[in-house]
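Take a look at the letters that make up each chain.
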Amino acid sequence: AVMASPMNSDSGWFLALALGVSFIKCLLINAYHSTDFEVHRNWLAVTHSMPVSKWYYEATSEWTLDYPPFFAWFEYGLSHVAAYFDKEMLVVRNLNYASPATVLFQRLSVIVTDVVFIYAIKECCKCLREDKGKELLWKPSFILATLLLWNFGLIIVDHIHFQYNGFLFGVLLLSVARHFQSRHLEGALLFSVLLNLKHIYLYIAPAYGVFLLRCFCFTQSKTDGSVHWKSFSPFRFVVLGSIVLTTFALSFGPFIALGQIPQVLSRLFPFKRGLCHAYWAPNVWALYNIVDKVLSMLGVKLGMLDINKLPKATMTGGLVQEFQHTVLPSVSPLVTLICTLLSILPALFHMWYRPSGGRGFLRCIVICALGSFMFGWHVHEKAILMAILPLSWLAVEHREDARTFLILSTTGHFSLFPLLFTAQELPIKILLMLLFTIFSFTSLKKLFRGRLVSSVEATYLLGLIPLAVICELVYPLTPWHHTLPFIPLLLTSIYCALGVTYSFIRLYISLLTVPSTTSKGKCQ
Amino acid sequence: MDNWSLVSMCVLLGLTTRWAVSFNSYSGASKPPMFGDYEAQRHWQEVAYNLPVHEWYLNTTDNNLSYWGLDYPPLTAYHSLLCAYVAKLINPAWVELHTSRGYESSSHKLFMRTTVLIADILLYIPAVFLYCFYLSNGSSKKKVATALCILLYPGLILIDYGHFQYNNVSLGLALWGVVGLGSGWDLLGSLAFTLALNYKQMELYHSLPFFCYLLGKCIKQGLVGRGLFLLLKISLSVLATFALCWLPFLSEPQQVLQVLHRLFPVARGLFEDKVANTWCSLNVLIKIKTLILTHFCIAFSLALTFLFVLPSSIKLLTKPTMWQFKLALVNSSLAFFLFSFQVHEKSILLPALPVCLLMNELPLMATWFLLVSTFRLRRAFRTVTKICGAVLLARNKSNLSLCDLSLSAVTETALFLPFVQFGISMAAMAVLSTASAALEPPARLPDLFPVLVSIFSCMHFLASLLYFNFVQLTEPPSRRGQKKTN
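Chains as they are written, first to last, in full-length UniProt numbering: chain A, 1 to 524; chain B, 1 to 486.
Treat the hints as calculated values from the structure; they're not laboratory data.
Computed from a prediction, not measured in an experiment: that's the story for all the values here.
It cannot be assumed that every hint is accurate.
[Claimed, not checked] The calculated BS3-like cross-link candidates involving lysine-lysine, where the alpha carbons are at most 30 Å apart (straight line), are:
no., chain 1, residue 1, chain 2, residue 2
1, A, Lys446, A, Lys126
2, B, Lys142, A, Lys446
3, B, Lys142, B, Lys319
4, A, Lys126, B, Lys141
5, A, Lys126, A, Lys445
6, A, Lys122, B, Lys142
7, B, Lys319, B, Lys220
8, A, Lys54, A, Lys87
9, B, Lys109, B, Lys346
10, B, Lys220, B, Lys233
11, B, Lys142, A, Lys126
12, A, Lys198, A, Lys126
13, B, Lys346, B, Lys31
14, B, Lys233, A, Lys87
15, A, Lys445, B, Lys141
16, A, Lys446, A, Lys122
17, B, Lys141, A, Lys122
18, A, Lys446, B, Lys141
19, A, Lys445, B, Lys142
Bound-form chain A, shown alone (with noise of 0.2 Å):
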């Protein structure tokens, strides 16, 4: 009768995490949701109600299918089980259903998706390094387990702003997994399915195409690390084209024997949205922003510029609208794209002429996601998860990347404050942030053995303290609360993307300045 037997304590931990963070997700389904919430019960009616050539015209609602189609066919997978709790909500014309049950529903579906999460963290945990001497909780994998599964950032945004991120990301940990354990053909397939699901991870697309192309398709290697241009095989990139090509066919197939592809299109990718979101995500183009406008004010005092001139500051009004420019030249979409594409291009180069198995796969990824980050049309503060989930498993192995992941996670999921504005969640907010702060802080501090933060950063960090207080306690009680509502937002904004900026650079200067620990030009 004796209850833990040597068996259990090993893999009881994960067991023990990941119901209890599915616990607090329980707990937090009666919380604020967003308009998120009524995007997907709307989708759920449009798939169910509707016959799949009018999904992506129907317009009932302002919520249009904006995700391809894999998503909506598992919006109609769901939908069938939402049946069996609440009829109403599959009515196309209920705009803003949310009797109890659906909203049980829903938040059921994120938890229980979630399950492919917990898996996907299963399977990177058994990819890391182990070393067998440690106690349980300094060891990396349960390090790397808590980071993922208790990840600040993806509670606050799946569970109670409202989205299915949790099964997305569990999908693109599986396939790096995959690629890890060198059955890169799944990894291929998963990451197909993935873009077929969200097509926002189209931002990491040039990652996985570089690297299966240079470590799956040369099958070999020289000596030095460059390739081997002989070792070309034919076979294997058709086999890799032809995965790709049927996800593809399977996803978009009936809507091209629609002829409905450029409508779908035009879903996917609505550029007329504006360079910035409502709320700037924290990146280049919110400096950018800001030095306009610093510039421009300082200009009217100079009387270098007329006032008349300028266009009225709506860019932060809260709509999502196209802005010019006063001082600085305007941004267009091309601009951002040629700008992403030349932040990213040496960390693909670098993986091309020197690739370093997974790590290096995981590393690029990170940087694409970033970079794409930062220099994107329209990025959403949301997008900053896509860089900090794969960092978290950098994170456990090396001492830079950690001091990486410290600043970036802090930085990021600061920024995604301004999510949850009621008062009944600050509490909740904060809570969260904290446990998830001080856990990151003191596990990696304890793994790495010594300080991992300079003092310089540590300032930085913990001047997120007085924001923190200035936004969400001082600034409501300030009469410019209602004039200029969007200042805390403006500041969380700037000086987020200064952190954010700065993980950016610090990740390129440890991938150019490392020397490759692992054997050069080992693609495994």
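Since the structure of chain A is already known, use the hints to place chain B on it.
For chain B alone, coordinates are given in the frame of chain A:
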């Protein structure tokens, strides 16, 4: 350094759980005319703020006692007064005399929930950590794990943050009392407990062990000399505290009687609703409530309660150690819960707290008891409770596997407690929960599921009573020596 981060993470987890539970609805939400406990607490704030002290417990035109009249001792009223002052600053409409009845708004809910959270942060949570760090054995990791388990006890969280009450204040003060006695600060400990008693009269369930422990200690130190001096000190400080709390009411003996009358509503009968105690369960077979006269019932219940409390108290009197004290707390409160009159189902928290304190030494029994007690409360929030219970268990198991289990395992197997029975009990609870949530009861027996749950829990509680009494009275030789045996 490690400790601080682990402790802060535990506190954050505990607070997050509590606040997340508070998102749900409170007792009596949108249910006029009487609403529920939430409205009761708000009403007491209104009464305490607007009426002079000597009218709080009286039935006057301004204070209609049938609408949630004050039925807790004065300290609750003072606490309500404090909250009312804050409420008045934020929004006076919340505590306006008469007009604020049934006031419901999201900001008010936020305010009320925050008052509970603050009480937790100031009283209950520090007491838990002090207890775990100074009065329990094991590595620091084990102490933190125990603290986390205690903090995550679903029963208290659900009642305080879901249903809405302030049990954390009285239980927190009682825990401070335990910590005080355990650390050798008898005076402060008894002071804290007296305050707990003055907050909720249900703490009387715990009073006998406190009394016996302190008396036993005084006797041990010799009834002439130091012991007597200690006894006098404690008695005087207790009396002084009582006097201080009841000061406004001491001017007239009538006042005191009226307050007592409110605190102990003898007229209300043996039990109300479906409580998992013996009377309610017996009532299924023999209709005690209708067959036997009220005062005979009371005498009977009193007799039985004291019968079950006596062995444990005498043992504690003769051997005043912390281990005995904790067990006596469990036994006494459990006996009161099972056999006393007018027991509310929320009173299960009173035995639950000392059982939490036993988690280190008797992990299996403690977890089992706590799960059953939570299961008993599941009527309020079905899904959440079930998951709470399951996760608490998983947590326990993971914590136990993290720590050194061998000693406790030996103790428990020595007391022949097969794991199998525990498993069967868990399975039965799962079945009952799903059945009551998913199935409709047959028309002839509309209360089938609550009654089944009641009887199931009652049997478990009776078994626990016997078990804990057995542990206390036999005190097996292999128990590890408690560090603070004073």
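Now the hints, each set against the structure:
no. : hint                : result
1   : A:Lys446 x A:Lys126 : holds (21 Å)
2   : B:Lys142 x A:Lys446 : holds (19 Å)
3   : B:Lys142 x B:Lys319 : holds (28 Å)
4   : A:Lys126 x B:Lys141 : holds (26 Å)
5   : A:Lys126 x A:Lys445 : holds (22 Å)
6   : A:Lys122 x B:Lys142 : holds (26 Å)
7   : B:Lys319 x B:Lys220 : holds (9 Å)
8   : A:Lys54 x A:Lys87   : holds (21 Å)
9   : B:Lys109 x B:Lys346 : holds (21 Å)
10  : B:Lys220 x B:Lys233 : holds (16 Å)
11  : B:Lys142 x A:Lys126 : holds (28 Å)
12  : A:Lys198 x A:Lys126 : holds (27 Å)
13  : B:Lys346 x B:Lys31  : holds (21 Å)
14  : B:Lys233 x A:Lys87  : violated (70 Å)
15  : A:Lys445 x B:Lys141 : holds (18 Å)
16  : A:Lys446 x A:Lys122 : holds (22 Å)
17  : B:Lys141 x A:Lys122 : holds (25 Å)
18  : A:Lys446 x B:Lys141 : holds (15 Å)
19  : A:Lys445 x B:Lys142 : holds (22 Å)
The structure shown violates just one earlier hint, number 14.
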